[in-house]
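Chemist: Residue strings, one per chain:
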Amino acid sequence: MPRIKVLQLLEAFSFKKEDTVLHKLDPRSKIAFEIIVMVAVFFLSLTTSIALLFFILLLHYKAKTLDKVKRSLYGSLPLLALIFLLNFLFSAKASLLERAAYSATMALRLVILLLAMGVLFLTTSPEELSAALVKMGISYDIALALILTIRFIPTLAREAETIVDAQLSRGLELEKGSFLKRLRNMLPILIPLIVLSIEKTDAVAASMESRCFGAVKKRTFYKEPTLKKADIAFVGAVILVVAALCIISALGLTPL
Amino acid sequence: MAIIEFERVSFTYRGLKRPAIKDVDLRIEKGEYVVITGPTGCGKSTLLRCINGLIPHFYEGDFKGNVYVDGLNTREHQVFELATRAGLVFQDPESQIFCLTVESELAFGPENLGLPPDEIGRRIAESAELTEVSGILDRLTYELSGGEKQRVAIAAVLALKPSILVLDEPTSNIDPKGTLRILEVVRRLNQVYGTTVVIVEHKLELVSLHADRMVLMKEGEIVEDGSPRKVLTSETALNMGIGIPKVVQLYLRLKKEHRLSDKVPLSPREMKEVVLSLRGRGEK
Amino acid sequence: MIEFRNVYFSYNGKRYVLKNVSLEIKRGEAVAVIGENGAGKTTLLKHLNGLLKPTKGAVLVGGKDTRKCSVAELSRTVGLIFQNPNHQLFAETVWDEVAFALRNFNYPSDVIRKRVEYVLRLFDLYEYKDRSPYELSGGERKRLAIASVLAYDPEVIAFDEPTIGQDYYQKQTLGQYIKLLKTQGKTIVTVTHDMEFVAENFEKVVLLSRGEVVACGSAREVLTNKSLLEKHGLLAPQLTELAYELSDYGFPRDILTLEEAYRAIKRVLEV
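Residue numbers (our numbering), protein chains in the order written: chain C, 480 to 735; chain R, 388 to 671; chain Y, -12 to 258.
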């Protein structure tokens, strides 16, 4: 079993503060962008999907997040290949070209969805995101659960790595042996991890109490999300682009 | 009236038989810097948890006696009220940071109080300056060093504007440089800004000089309470197994053969003065 | 016993965490690796049992190149004790916890029984043998962690920051275990930034700064060099500070113990 590289995987969704237009947008505009893309993607042909992909990559370029996105793309290549293959083999379409085009579109949809999510998560801090969610009517407790999860995943990943190191140092075999044995060998890693997580939860809860969590019914937010002209322009642009692509696709104006 | 007062306080955690603290009587005056120390399991952390109300409100168990913080009886006030009087900083930097950026971490407390954004902004700037983290406000919390995380934790607590700062072994997991920096921040808060400080520490050679008072605990009870110089040279301390600073141990050895002033040295510099005054008097 | 030959190590291929580290630790030596946070101490320690393999250069343990051995193999020679015992406790009983490594190394069951019993008695844990490790206090868990490693009697014992969170009494106990290990001829390597602990228990010190070895010598040489320590983010032991304060009065610089300091003061007074 390869060493856990969870931290690297997570980098694709980890926020970093930059000074770009996208970072300054109200999270709600970005959420709207997500929803529009997620719905529209099912109505697009191959060519228009590619066009949408380029549009999203352009957004990443403007947000200076292209590097991070590249890494997660490489990571998802095996999955994309699998989707392509499965669709290709089981598709009911007639010609070979049509089957290839359809399968590619399916795979592309996944890429588009991932990249679109990346636009939101890479340019929005969890705190801003939860402030936006609360403003949209979602209870703060749920939003807080989201923040804490994102916040503690790197910590738990590091603990897991240390646990693996400690147990390997006692002769634990993770790479040899029957499947059943290897499964059983996960116990010395899972048990300390679970116990540590529970203890941490306790400590975190005590700390949060000590920071006045729950003091007032309606807590305020330091960075209150506000819709500005840039947000309206952004959402407007997204609607235009996506609508255009959908129309082009529906009218069958593209070859594939 | 004392800013913190323990009146015959005992507490036994639920499910355990032995009380963690027993019949504790303690008075701390405004502006004092009190070091609490003792072997593991002596009840230090339990004592601290009583100050901001985690005991009896968060930790379940049998609570006897009364604790008054800034005039408030902790039995009758919730943790979120007491936390604006006494801010508690814990040992593990990881478990007391919840936000992704330093700035949002400092905002967390004031946000919970429902304060308006510009007041929050003011408090962020102030606490960041007091703890020397103004330069790292935009940094991601998981990228910080242990020492930086602890200073952020202190700043986050200061943003609630408590007049008492309570710290539970804050330098335990921190390297020497980070430790010095944290303790310097605490010293300044106490000596320049008048914050009352209650700190549990094992590194006595670093805090004795800053402290007005030292309290020794053993098996849930307070066994010594006085000035650091008095406590570190007491019979109890010597028999107890706490890290008495080397210069104090040297002083005690010399005192067996020479006449020395009662000013117990707490630092190498003070020890130097002791030696030089001995030399000056021609004592051999 | 242990040799680092021009070792370079990088986690991500971009920055070197260890740079050109060359070290020799002889059998039976007690060495402390000191340095500030981020100097690469723990990274260095993990090379001892193969958890990490050098990017460039080689690490030899008992003559074997670590790149050619698995962690399990090397762990039989080098017992690595991590800082937080909670990272390894998982067994149903204290007995099973101690037997874990022995079982992994395929020792015969009668040997396991003898070793576990011996080590449990040695560490005052025998009365807990059938209890869950989670019932033990923090200090007891630490003893359990050390016992679990000593059970299979490795040649080299390596500690990662053993004094963090320990009170005075616990540190003294730790010092006694180290003394015991020395009498058994074990090689001991510790990573720490607790100068007082080093002064009391280790003869040889390696100072690591930003991945490079900046000093390697006797504890007396390195720990009493105040400017060297401060330059690399460390605090000198209190007695060293005292020595510097009194250096103008004939107080020797290389004082490590209380006894030496006392005698030195007496000499200063004679002058």
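Hints in this document: simulated from the structure, not taken from any laboratory. Remember, it's a predicted structure, so these values are computed and weren't measured experimentally. Treat the hints with care, as some may be off.
Stated by the list, open to error - Some chain C residues flagged as far from chain Y (calculated, every beta-carbon gap over 12 angstroms): (1) 540; (2) 547; (3) 551; (4) 558; (5) 587; (6) 628; (7) 659; (8) 671; (9) 672; (10) 694; (11) 700; (12) 708; (13) 711; (14) 725; (15) 728.
To be verified - Derived lysine-lysine pairs resembling DSSO-like cross-links, with alpha carbons at most 30 angstroms apart: (16) 51(Y) to 590(R); (17) 702(C) to 503(C); (18) 33(Y) to 590(R); (19) 679(C) to 642(R); (20) 173(Y) to 116(Y); (21) 253(Y) to 659(R); (22) 51(Y) to 660(C); (23) 33(Y) to 679(C); (24) 549(C) to 1(Y); (25) 650(R) to 253(Y); (26) 659(R) to 614(C); (27) 660(C) to 169(Y); (28) 404(R) to 101(Y); (29) 605(R) to 101(Y); (30) 659(R) to 213(Y); (31) 679(C) to 404(R); (32) 548(R) to 417(R); (33) 679(C) to 451(R); (34) 116(Y) to 617(R); (35) 191(Y) to 679(C); (36) 548(R) to 696(C); (37) 158(Y) to 642(R); (38) 213(Y) to 590(R); (39) 116(Y) to 564(R); (40) 614(C) to 707(C).
From the three backbone atoms N, C-alpha and C, an ideal C-beta is built for every residue, glycine too.
Chemist: If a hint holds in the structure, say so; if it doesn't, say that too.
Modeler: Structure-based check of all given hints:
no., hint, verdict
1, 540, "holds (23 angstroms)"
2, 547, "holds (14 angstroms)"
3, 551, "holds (16 angstroms)"
4, 558, "holds (24 angstroms)"
5, 587, "holds (31 angstroms)"
6, 628, "holds (22 angstroms)"
7, 659, "holds (16 angstroms)"
8, 671, "violated (5 angstroms)"
9, 672, "violated (9 angstroms)"
10, 694, "holds (32 angstroms)"
11, 700, "holds (34 angstroms)"
12, 708, "holds (41 angstroms)"
13, 711, "holds (41 angstroms)"
14, 725, "holds (42 angstroms)"
15, 728, "holds (42 angstroms)"
16, 51(Y) to 590(R), "violated (41 angstroms)"
17, 702(C) to 503(C), "holds (11 angstroms)"
18, 33(Y) to 590(R), "holds (28 angstroms)"
19, 679(C) to 642(R), "violated (48 angstroms)"
20, 173(Y) to 116(Y), "holds (26 angstroms)"
21, 253(Y) to 659(R), "holds (13 angstroms)"
22, 51(Y) to 660(C), "holds (29 angstroms)"
23, 33(Y) to 679(C), "holds (26 angstroms)"
24, 549(C) to 1(Y), "holds (18 angstroms)"
25, 650(R) to 253(Y), "holds (20 angstroms)"
26, 659(R) to 614(C), "violated (64 angstroms)"
27, 660(C) to 169(Y), "violated (38 angstroms)"
28, 404(R) to 101(Y), "violated (35 angstroms)"
29, 605(R) to 101(Y), "violated (37 angstroms)"
30, 659(R) to 213(Y), "holds (17 angstroms)"
31, 679(C) to 404(R), "holds (24 angstroms)"
32, 548(R) to 417(R), "holds (15 angstroms)"
33, 679(C) to 451(R), "holds (28 angstroms)"
34, 116(Y) to 617(R), "violated (43 angstroms)"
35, 191(Y) to 679(C), "violated (37 angstroms)"
36, 548(R) to 696(C), "holds (20 angstroms)"
37, 158(Y) to 642(R), "holds (27 angstroms)"
38, 213(Y) to 590(R), "holds (19 angstroms)"
39, 116(Y) to 564(R), "violated (41 angstroms)"
40, 614(C) to 707(C), "holds (15 angstroms)"
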